[in-house]
Structures are given as structure tokens and as C-alpha cells.
Amino acid sequence: MLNPLRSEEEAFRFLLYAIAVIVVVVGAVVLLRAVL
Amino acid sequence: MEAAGIAHADHHGPPAANRSSRVETQLLGMLLFIISEVMVFGAFFTAYFFIRVAKGAPWPAPGDHLPVEVAGVNTAILVSSSLTIHWAQTSIKNGNRLGLKAGMLTTFLLGCTFLFIQINEYANIGFAPQDNAQATVFYSLTGLHGAHVFIGLCLLLIVTIRSFRGHYSPQEHRGVEVPGIYWHFVDVMWLIVYSTVYIL
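First to last, the sequence lines map onto chains A and B. Each residue of the first sequence is one higher than the one before, counting from 1 in the numbering used here. Each residue of the second sequence is one higher than the one before, counting from 1 in the numbering used here.
None of these hints come from the bench; they were simulated from the model. Where a beta carbon is used, it is the ideal one built from N, C-alpha and C, also for glycine. A few of these clues could be false.
[What the hints assert, rightly or not] Incomplete in silico selection of chain A near chain B, CB under 7 Å:
1) LEU5
2) GLU8
3) ALA11
4) PHE12
5) LEU15
6) ALA20
7) ILE22
8) VAL26
9) LEU32
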């Protein structure tokens with residue numbers, strides 16, 4: 001299981017996941033705003 | 001009796017603290033600290049969502065403009081600093097001292113650049129914290145994050161100086177690892193602040 005507090009490597013991997021999730025969420029909201 | 005005497009002679013300083021957790025103490029400290037930090041940011045985000053969602057106030061306040069592009073470049077700078085600290089950490093794990101020093105120095109300079117741009121943004125943004133509720137929340141959230149960047153920079157400066165003094169090794173690099181975890185946390189927090197305050 002991913003634990004970003006166990007090591008720097010896992011914290012970095014968590015950051016990459018966070019970037020991916022934030023890009024998807026922000027993209028979806030911006031797209032929905034443009035469509036609706 | 002003699003063995004006990006020798007053991008006593010070998011021990012220096014106060015008795016070892018009681019450990020009730022199986023988690024390493026340095027990591028447990030960082031874990032508890034970051035949990036408390038998430039709660040602090042949560043309180044500030046509650047104020048933000050209260051104004052924007054519960055009260056339905058326009059964001060930003062009419063007449064105010066947020067420099068989305070400049071803050072976007074600043075976001076890229078902060079994300080880059082996470083890459084460089086990860087490079088520094090990987091370097092010392094592999095015994096590459098030059099990579100550690102270059103990575104830490106670059107991370108510190110990128111962090112300084114982020115803070116400098118943010119302060120410059122405050123100076124030129126055109127509204128003050130006391131102008132309206134939106135401005136108060138904007139300065140509170142970004143300022144809280146800026147304070148964390150400042151603390152992170154103090155930690156990075158210590159690690160950078162120690163790197164140039166020849167500290168750390170492939171076996172002993174906890175001193176780089178723990179500030180690295182904190183720096184990634186500051187970076188994740190900024191991504192959330194930037195996407196909610198500037199973009200959405």
C-alpha cells in the first residue's frame with residue numbers, strides 16, 4: 001500500500017498521483033463548465 | 001555485576017525514551033506533524049468553501065483579478081523543485097555526492113524563486129486582505145502555504161549546507177529523506193490551493 005510518509009520515494013510517487021488526479025478533476029470541471 | 005557496570009559505562013546521556021509505536025520515531029514525528037498540517041489547511045479551506053459555496057459569493061470579488069498565468073508558472077517551478085529533491089535523494093542513495101549537492105542547491109533556489117514570485121504577486125495584485133472576504137481568504141490560504149514554503153526553505157538550507165560539508169551517505173540519509181517528504185507535502189498542498197483558488 002502506498003504510504004507517502006514512509007519514504008521520500010513514496011512521497012514523490014504520491015505527488016505524481018496527486019498531479020494526475022488534480023489534472024483530471026480540474027479538466028473535468030472546466031469541460032463541464034464550458035459545455036453546460 | 002561487572003557486565004552491568006560495563007553496560008552502564010557505555011551508555012551516555014539520558015535513558016532512552018519509551019517507544020510505544022513500531023513506526024520509526026523520525027517518521028512517526030513527520031506523520032503526526034503532517035496530519036496536524038492537513039487539519040490546519042482544512043480549516044482554511046473550510047473558510048474558502050464557506051464564502052464561495054455556502055454564501056455563493058463571486059470569486060474573485062468583482063473588480064479583482066487573479067494572475068492565473070504567473071501563478072501557473074510558479075506552480076511549474078514548485079513541481080520542478082520536487083523533481084530536483086527526488087534527484088538529490090536518489091543520488092545520495094547511489095553514493096553520488098555531486099548529484100546530492102546539485103539537487104539540493106537547485107531545489108533551494110527553485111523554492112526561493114517560488115517565494116519571491118509570490119511576494120511580487122502580493123505587491124502587484126491590486127487588492128489587500130482587508131478589502132473583502134474573498135481577499136482575506138485568498139491571502140490567508142496562499143500566505144499559509146507561503147509560510148510552509150519558508151519553513152521548508154529553512155530545512156532545505158540546512159540539508160544543502162550539510163551536503164556541501166560532506167554529510168550523508170548511501171547508508172545514512174534520513175536527514176535528506178524527512179525534509180524531502182515535507183517538501184513533497186508542501187508541493188501537493190500548493191497544487192490543491194492553486195487549482196481551487198486560481199483555476200476553479
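Status of each hint after checking the structure:
no. : hint  : verdict
1   : LEU5  : holds (5 Å)
2   : GLU8  : holds (4 Å)
3   : ALA11 : holds (4 Å)
4   : PHE12 : holds (5 Å)
5   : LEU15 : holds (5 Å)
6   : ALA20 : violated (11 Å)
7   : ILE22 : holds (5 Å)
8   : VAL26 : holds (5 Å)
9   : LEU32 : violated (11 Å)
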